[in-house]
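Chains as they are written, first to last, in this note's numbering: chain A, 1 to 351; chain B, 1001 to 1424.
Treat each hint with caution, since some may be false.
Said to hold, decoys possible - In silico lysine-lysine, DSSO-like type, Cα no more than 27 Å apart, as pairs:
1. K52/A <-> K1079/B
2. K66/A <-> K268/A
3. K1384/B <-> K118/A
4. K205/A <-> K346/A
5. K1384/B <-> K320/A
If you are wondering where the hints come from, they were derived from the structure by calculation, not from laboratory data.
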Amino acid sequence: MKKMLYILSITLLFGLNYNAFARDQIKIVGSSTVYPFATVVAERFGKSSGFKTPVIESTGSGGGLKLFCAGLGTEHPDITNASRRIKTKEVQKCSKNGVDDITEIKVGFDGIALANAKSGPTLKLSLKELYLALARVVPADKEGNTVKPNPYKMWNEINPDLPAAPIVVIGPPPTSGTRDAFNELAIEKGCKKFPGRKALKKENKKLYKAECRGIREDGPYVEAGENDNLIIEKLVADPGAIGVFGYSFLDQNRDKVKPSEIDGVLPKFEDISSGKYPVSRSLFFYVKNAHAAVIPGIKEYVREFTAEKAIGSDGYLISKGLIPLPNDERMKFAKDGKKLAKFNPKELIKK
Amino acid sequence: MSNTKIIRESLKKRHLAESRFKAYGILGIISATLFLMAILSTIYIEGKSAFKSTYIKINIFYDPSIIDPEGTRDIEEIKFANYRKIIKNSLKNYFPEVIGREELKNLISFISSSEEENLMKAVLENNELIGSDKIVWLKASSTIDVINKNPEMKNLPESNRLISDQELVWFNKLVLSGDVKFGLNKDFFLKADSTEPEQAGILGSILGSFFTLLITLILSFPVAVAAGVFLEELAPKNKFTDFIEININNLAAVPSIIFGLLGLAIFLNLMHLPRSAPVVGGMVLALMTLPTIIIATRVSLKAVPPSIREAAIGLGATKFQAVIHHVLPLAVPGIATGTIIGMSRALGESAPLLLIGMVAFIVDIPGSFVDSATVLPVQIYLWKSTAARGFVELTAAGVIVLLTFLILMNALAIFVRNKFEKKW
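Only chain A is shown next, with the shape it has when bound in the complex (with noise of 0.2 Å):
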């Protein structure tokens, strides 16, 4: 027994110290809607290629990014999914820890869906609808110059036209990319509708992004985990309940759940593609340039990532529920994932 408990302690010493110099595995972080598309990229690549099959985390794009940016060396990982891109903030705190050496990559489109049970009512919203129904503030008056608590509390008091039902809203919470982009593309969006909000945002952008991407915490807006299945078995329960998730979800639900209309656009394929559909946003990952050198596959695996085979308009990814980019920007991100060109983060400014 002593001598068994000894081997097992030195064998145990020779295996952390090796795994301390050298790791042939890749290592990905990051966001949950990227994960479904990155797993099968990942799972591919490993069955074909003969380097190992990479090890995906799904720690949302925030905490993706946090752990990308900590560092370089293989306790850190080498690429991180995102559903938004990076931050300023984030390029300087990556750069601060030696993280300077790194490349974006788009890889597709996600429409974010607003679904219901089957069994209720098929809605047709506006985004001044929605913003009405979920910010933390509304306009107090017609303009919007000035605001209020959020009051409603029923559909039809917002529009006649929407069912006498409670506002029930059950989606994302603020660690999701999903979250965020829900914040930008839907209800900062419907805000802007009104004149006076949209003054704001040159006078005073902190305040005119809080109130404007601020939703509401008095009980409608009812946040789920970063568990999109979770979100979809609530929906069932409760057929008065909207539900707020990635395409790739509605599209393997079809049989539950119902899409609802954005300004009179159902969330379909082409129309996501297209731009038609007003609540869709880009993915991305960023590859950790300088650990390429020492991680075997690194560059394979964004080959495979950015190949036609895989995000091509024909592509496996698009099965899984993947809106394709433009072919044209397709080529652009692949040609940059083969030579790993370097981001640069003025891109970011500019816009």
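With chain A fixed as given, assemble chain B onto it according to the hints.
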């Protein structure tokens, strides 16, 4: 009124209160049992179908012009041949009416992509196959499997179904000619995670759990027993040891996520140990299990009658000898029971492992303590949060496997206690 009368009159009331109390107890037990039954039966009903999967009978022609066009029987050549095309050609023969490119693509999606690899392996094993015909049962893809397991889905309108009308026609043709059957889902027991539900298995996470628990046991058991023996038998009773004792008892009640935070801060950020590795998971869970085993050790040492110690010391043994030779062996059954229960708690634990990166998509089956791995409860969580429909039954099946292990471990604990424990 005399005292006896008061007592006699209140008697009925007191008896009533007693029977009411009894009824509450029975009600409690009944409702607890009902809840347990409801949980177990839903998991069983949902999960039992994951142990079987759909297979489709196909006559495969091992076309030499595809597998080995040069006729050299070169292994590399055979490995990289397009086996998808072989399956496609065989399906084409079965459904001669399907010609369009798009239609063929839908048709071939009936068969799980893992079968391409299996065909390749079959050819590698037996070169004689090349050029021959063979009837084989190929695993169906998850969508087909879901339809086959839930026949009521066939009646849904096309938009609500997972497959199109045309695919349903093909599928019905296969069913009518008896070319669809259920078979054991071997992949579930032999593989690790996958993005395709029909190829996902539990073995990777079972091994991950195994490595993690082994580390937990190696680290926590000796330390905890030593600490327990010292505190109970050898340590002087003073304020300092009291303080330690209180702290150990408190530690046993600390939420497990705290140990995860500790592991993240010390093992990962300070000591730079690898993320997602069972060795770190084991270290974190060892910290969590330590107080449980210490307390179990002390309780079972306390249960050994003092006469044993006194007899040993009376015969000239030192205090240390009395403990090691006489008291500790008698306490072993109790310590073992406590350890097994601590281990089964560690097996079901997921929260602290989330923080050290053991929640990840891992396809390769772990082979050592430092390979990236997940554990059983985390695998269940991962499957639960995946979109594809086939994962619903896998989630429940994962729960069944986890519960089986837990029941086995707890049964072992009860067995050890009943078999070896001495009554004084």
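Check whether the Cα positions of K52/A and K1079/B lie no farther apart than 27 Å. holds, 18 Å
Is K205/A close enough to K346/A, meaning Cα to Cα at most 27 Å? Holds, because 20 Å separates the two Cα atoms, which is no more than 27 Å.
K1384/B paired with K320/A [C-alpha distance capped at 27 Å]: Given pair K1384/B, K320/A holds - Cα atoms ~17 Å apart, limit 27 Å.
Given the hinted pair K66/A and K268/A, is their alpha-carbon gap at most 27 Å? Measuring from Cα to Cα gives roughly 33 Å; hence the hint is violated.
Pair hint outcome, K1384/B versus K118/A [Cα-Cα no greater than 27 Å]: Given pair K1384/B, K118/A holds - Cα atoms ~22 Å apart, limit 27 Å.
Hint compliance for this structure: hint 2 is the single one not met.
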